[in-house]
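Trainee: Residue-level listing of the chains:
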Amino acid sequence: RKEVEQDPGPFNVPEGATVAFNCTYSNSASQSFFWYRQDCRKEPKLLMSVYSSGNEDGRFTAQLNRASQYISLLIRDSKLSDSATYLCVPDQGGKLIFGQGTELSVKP
Amino acid sequence: GAVVSQHPSRVICKSGTSVKIECRSLDFQATTMFWYRQFPKKSLMLMATSNEGSKATYEQGVEKDKFLINHASLTLSTLTVTSAHPEDSSFYICSAIREGKGSYNEQFFGPGTRLTVL
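Same order as they appear, the protein sequences are chains A and B.
Quick note: the first sequence uses our numbering, first residue 1, plus one each step.
Quick note: the second sequence uses our numbering, first residue 1, plus one each step.
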């Protein structure tokens, strides 16, 4: 089983759509969780940290279910600039374990 | 936010040569840096943890004699790909940990180095 599994993608959505990404992780010892976005041929950039109670940052909402070892990211009112690959990243003792990512393409 | 630089951003070399990549934390000190590699359409794979003043810790399957890491100062780690071969062509990304308050230490990523070995 992979350490981090994400929706395979790509997701092609129109502007204004709501899109949700799912992620599961295998190591129950992970304590911190993050969503990163990565643009083509660029380094990953932190989008948001995921807190156990769930958290929201503008159009982005992250949820964590430790019992199910499941993390989600919801993007509302998609913008063209949201087009990127979204990476689910648990932290294991200070090491970030990256998922393969889910590609999002927002179309006009 | 904190800034991490990498140099060079792109390098093309002949098979058999060695290539050195530098990773610098520009506005903070980093006792720990990480080196990742990413092949096209694949996830970032952690290669090694670079510890200032001590030996790097390599992930399983990463040859320490091929990927030499030196972390001689609190703001600089270098990765040297020795005797590079075409299969070493990849996107190499470093990150540096900025220690924060409490237990939360944020990682900041460099812009990456694209290595092409002919």
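Misleading hints may appear alongside valid ones.
Unchecked claim - Straight-line distance between alpha carbons at most 25 Å, and here's what the computed SDA-like set of lysine to any residue pairs gives: (1) K42(A) <-> S54(B); (2) K64(B) <-> T31(B); (3) K95(A) <-> P111(B); (4) K20(B) <-> S89(B); (5) K42(B) <-> S49(A).
Worth flagging that the hints you see were computed from the coordinates, not collected in a lab.
Trainee: Run every hint past the structure and note whether it holds.
Mentor: Results for each hint:
no.	hint	in the structure
1	K42(A) <-> S54(B)	violated, 30 Å
2	K64(B) <-> T31(B)	holds, 20 Å
3	K95(A) <-> P111(B)	holds, 19 Å
4	K20(B) <-> S89(B)	holds, 13 Å
5	K42(B) <-> S49(A)	holds, 22 Å
The structure fails hint 1 only (numbered hints given earlier).
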